[in-house]
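Which chain is which? The protein sequence lines are A and B, in order. The first sequence: position 103 = 103 (my numbering), numbered continuously. The second sequence: position 97 = 97 (my numbering), numbered continuously.
Honestly, I wouldn't trust all of these hints.
To be verified - Below, computed lysine-lysine pairings styled on DSSO-like, alpha-carbon distance capped at 30 Å: (1) Lys145(A) / Lys62(A); (2) Lys34(B) / Lys325(A); (3) Lys145(A) / Lys66(A); (4) Lys62(A) / Lys34(B); (5) Lys9(B) / Lys34(A); (6) Lys76(A) / Lys145(A); (7) Lys66(A) / Lys76(A); (8) Lys31(B) / Lys34(A); (9) Lys76(A) / Lys34(A); (10) Lys62(A) / Lys34(A); (11) Lys62(A) / Lys76(A); (12) Lys34(B) / Lys145(A).
No wet-lab data here; the hints were simulated from the structure.
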Amino acid sequence: MTDWIDVLIVAIKVVAAFVIMLVATLMLIWAERKILADMQNRVGPDRAGPGGILQGLADGIKLFFKEPITPARVEKGIYLLAPILALIPALLMFLVVPIGRPFSIGDREITLQVMDLNVGLLFVLAVSSMAVYAVVLAGWSSGSKYPLLGGVRATAQAISYEAALGLSLVPVVIYEGTLSVAELVEGQSGQFFGIFPAWNIILLPSFAFFLMAAVAETNRAPFDLVEAENELVGGFHTEYSGLRFALFFLAEYINIFTMSALAATIFLGGWNGPTWDGALPASVTWIFPILWFGLKTFAIVFIFFWVRATLPRFRYDQLMELGWKRLIPGTLIWMIFVAIALAFDEFGAPWA
Amino acid sequence: MGLIGTFAKGLAVTFRQMFRPRVTTSYPQEKRVKPQRFHGRHVLNRHADGMEKCIGCELCAGVCPARCIYVRGADNPPEAPVSPGERYGFIYEINMLRCIFCGLCVEACPTEAITMTHLFEMSTTDRAAAIYTRDELLVNEDGSANHAQPEGPLIDLNELSISDGWMRATAPSGRAAYEGIPGWTPSAGVGLRPPEQGQAEPPEPEEDA
Ligand code: SF4
Ligand code: SF4
């Protein structure tokens with residue numbers, strides 16, 4: 001009897017996560033265009049819906065009804081597979097992110113997280129590096145030079161920044177002593193000195209490194225060499241159109257959303273925040289953790305857009321230099337520093 | 001530190017822009033004020049009594065650098081003259097796809113027959129429709145003008161009765177003595193157009209600076 005209810009709960013959670021990501025994507029497309037417009041003193045999209053809020057939906061419907069052209073010289077199978085490969089890791093990554101406080105119905109505890117893996121962070125890192133396969137395969141199978149160049153760049157970029165992404169998370173793992181995302185969030189409840197929220201953002205360099213690597217991982221400006229529209233036409237998705245292009249687009253925005261949600265969860269305390277549990281009835285307070293989570297996620301998403309509006313695209317050698325000469329040594333030094341500091345804290349000085 | 005400093009400075013610049021006024025507008029609903037001498041679509045004017053101003057002299061066609069005006073003059077029928085002169089332009093076409101809106105035709109015209117207006121919404125889906133003939137160019141007796149596009153949210157036909165400022169420029173040859181004195185004839189529908197503001201007085205502040 002219990003079994004099928006568990007299955008049902010998981011199924012509902014999966015569908016809910018899917019819906020959240022789709023809606024978030026629609027909102028992000030609109031938000032990005034509005035924020036960029038604001039930063040460039042423009043009005044931005046204002047036709048579809050009030051304030052243009054349905055712009056993402058309009059874009060989606062347009063792409064949906066466009067003809068999916070298959071160029072003559074593509075490697076058919078891989079070409080068709082690549083957009084799906086792009087979307088799957090994007091969707092998977094969000095599954096370990098808790099979006100709110102667990103609650104209980106009867107004697108059953110329900111977490112607002114599709115699954116709490118005990119190796120959650122490793123899962124995220126593993127899945128996020130899968131995303132590059134889609135780009136490389138799309139570039140290679142298109143049978144055209146610009147997508148190929150985009151795909152080659154994606155490989156180099158992924159190798160350089162994947163390491164930095166993983167290394168930037170190690171100090172957090174050492175500090176919190178867990179790889180499970182849910183436990184990370186619990187570890188960040190409470191306050192330092194009674195006033196400051198006990199978020200992992202105190203590991204500030206880690207946060208900065210993670211953000212930089214995350215922007216590079218999602219192939220966003222200023223690291224968007226993979227698509228570089230003014231040198232490579234459209235990069236890896238040059239030969240894609242219609243729904244297949246929409247899948248790449250969707251994957252990109254889901255990646256932004258998930259990376260932001262992860263950054264918010266790992267560094268900004270996730271759904272932690274004041275809930276006024278005593279003062280307000282329980283039917284109201286459950287919403288606050290979700291609100292806090294949403295707010296923090298949006299703050300990080302805003303940084304993504306803000307950086308895009310500010311920085312020009314890196315040159316290829318600058319990209320490599322930043323990755324190999326700054327980010328990776330930086331994260332390594334910081335990791336060793338945190339490890340030594342925590343060891344002192346735990347065991348005392350070796351000479352004492 | 002230098003790198004992080006420059007980075008922060010750049011981010012501050014873009015962030016500040018969010019609170020600046022917008023330079024673009026929601027176009028068809030909100031149109032920007034055009035400068036007085038805006039070069040838009042042409043019209044062929046009529047005298048106040050309804051006679052056509054064009055005398056079919058072809059000077060505009062001769063001066064046009066884009067060679068986009070085609071005029072054929074014809075003798076006025078004595079019993080029902082179309083223009084006050086000897087001849088009138090019985091064919092008059094402008095190919096708006098070739099026109100560069102330089103306004104030389106307006107300058108060349110001896111009778112102020114052809115002027116430019118403030119309307120620029122002229123896109124078509126058909127090349128032939130971009131060749132404006134007398135049907136569109138010639139204003140009606142009440143001063144209104146026809147337009148090839150149907151009236152839509154984009155098009156404000158009233159703009160067709162705003163003549164371009166060159167026609168109303170004061171002080172020909174830059175002589176201050178002529179300032180404020182109209183040197184042109186009245187047109188059907190609008191009467192005598194007032195002179196453009198002279199240069200002697202302080203110029204009005206720019207609308208959209
Ligand atoms: S505006 Fe210039 S290009 Fe256009 S018709 Fe007149 S003279 Fe020709
Ligand atoms: S518009 Fe003016 S210049 Fe052109 S033919 Fe008529 S009178 Fe002559």
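Hint check:
1. The straight-line distance between the Cα atoms of lysine 145(A) and lysine 62(A) is roughly 27 Å, inside the 30 Å bound, and the hint therefore holds.
2. At most 30 Å may separate the alpha-carbon atoms for a hinted pair to count; lysine 34(B) and lysine 325(A) exceed this at roughly 54 Å.
3. Between lysine 145(A) and lysine 66(A), the direct Cα distance comes to roughly 24 Å. Compliance with the 30 Å bound is thereby established for this hinted pair.
4. In summary, the hint linking lysine 62(A) to lysine 34(B) is not supported, as the alpha carbons are separated by about 34 Å, beyond the 30 Å threshold.
5. Between lysine 9(B) and lysine 34(A) the alpha-carbon distance is near 22 Å, which keeps this suggested pair within the 30 Å criterion.
6. Only pairs whose Cα atoms come within 30 Å are accepted, and lysine 76(A) paired with lysine 145(A) is accepted, the gap being roughly 17 Å.
7. Straight-line distance between C-alpha atoms of lysine 66(A) and lysine 76(A) comes to about 19 Å, which keeps the hinted pair within the 30 Å bound.
8. Of the supplied pair hints, the one linking lysine 31(B) and lysine 34(A) holds, its CA atoms being roughly 21 Å apart against a limit of 30 Å.
9. Straight-line distance between C-alpha atoms of lysine 76(A) and lysine 34(A) comes to about 37 Å, which puts the hinted pair past the 30 Å bound.
10. At roughly 19 Å between alpha-carbon atoms, lysine 62(A) and lysine 34(A) fall within 30 Å of each other, so this suggested pair holds.
11. About 24 Å separates the Cα atoms of lysine 62(A) and lysine 76(A), which keeps this hinted pair within 30 Å; it holds.
12. Taking the CA atoms of lysine 34(B) and lysine 145(A), the gap is near 47 Å; set against the 30 Å cutoff, the hint is violated.
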